[in-house]
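Its first residue numbered 54, the sequence shown is counted upward by one per residue in our numbering.
Don't take each hint at face value.
Distance windows between CB atoms, simulated [stated by the list, open to error]:
no., residue 1, residue 2, range
1, Val-352, Ala-261, 21 to 27 angstroms
2, Thr-191, Tyr-246, 45 to 51 angstroms
3, Phe-247, Thr-283, 42 to 48 angstroms
4, Lys-199, Phe-287, 26 to 32 angstroms
The set of hints was computed from the structure by calculation and includes no laboratory data.
Built from N, CA and C at the ideal position, the CB exists for glycine as well.
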Amino acid sequence: MRGSRRGRPPAAGAVRQRARAARRLARAALLATVSARCSPPSRPGPVAAAASIARVTETRVKVREAKPAPVSPPSHDDRVDRVFVIRPAPRWPHLDLAELWHYRELLLTFVWRDIKVRYKQSFLGFAWALLVPVFTATVYVVIFGKFAKFPNANIQYPILVFSGLLPMQYFTSALTLSSTSLVTNVNLVTKVYFPRVLLPIAGVLVPAVDFMIGLLVLLALMVRYSEWPTGPEFALAPVFLGLAFVTALGIGFLLSALNVRYRDVPYAIPVFLQVLPLLSGVPYAVNEIPQKWQWILSVNPMTTVVSGWRWAILSGPAPDPAKAAIGIAVAIGLLVAGLAFFRRSEPRFADTI
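Kindly generate the complete structure, drawing on both the sequences and the hints.
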């Protein structure tokens, strides 16, 4: 009994052995079928089937080792870490107009953003664009008109002051915004590439909205005092506004680049802007002061702007062509010099801001 039990496998073991044998036969049959489809037909027979099964199950695959690629000595470029620097192509006068046109939508985005946030959290909003020049003109009329008796060139003094104060207010706002444009956008300057000149340009364009609103007060004063342009010089009014734009942009380029390195610029600008209206002929008629002082004041481009603007919209005294040429030349020189200094300092903005 013990011998027969030892020679007979247990029931569970026999089932597993039969299952393994069946799987081997099924695997061999499947391999034989695949081999028969892939090889030329042969005569059927048990010997051929067994041979095919043996051939498939004992197939030896010759593996060819790939020849190693010829090793070339490393080049100089592979041994040295290459650093790619993206910088704008040089242009004269350091301004690529095609690149600015390509980024025109970004410029409009900057302008629209600054316009929306300018009076966003103020109670009066855009009414400040009317109140600021009105209050300032009132102070000028009381101090310089009633007490000091400044010359007015036979023009009603309130409209004389306001007509000169309007482009001056635009210039002061444009200069302030453009000179601080890089510092107020430090996250963009240090993380994103775009032409940095867009920021000062946007700072000069934003106050144009306040200027257009202030024109409503000027029109009301012109109706009140019956002061209207009577000649073709009215068509030159945009030219003098363009001169104010060029002057503000040239100085803005220079001061914005300096403000990145020296943060004293925001403290010095208000001191300069407080005396600028007096040096530009806002509270008086420039043609009625001594000739010596007229030549000195002609170096200031805003003197040409104020006197030319009054001549264009009020038909007042025309500015002297020689003195106006000096102011225009100084404005163009400021634009070229400021832009050259800005573009030369531009590669260091992200590191020093």
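Status of the hints after comparison with the structure:
1. Range check, Val-352 to Ala-261: Cβ separation about 26 angstroms, and the 21 to 27 angstroms hint holds.
2. Evaluation of the 45 to 51 angstroms hint for Thr-191 and Tyr-246 yields a pass: the beta carbon distance comes to about 47 angstroms.
3. The hinted window of 42 to 48 angstroms between Phe-247 and Thr-283 holds, with their beta carbons roughly 47 angstroms apart.
4. With their beta carbons about 30 angstroms apart, Lys-199 and Phe-287 fall inside the hinted range of 26 to 32 angstroms.
In summary, the structure agrees with every hint in the numbered list given earlier.
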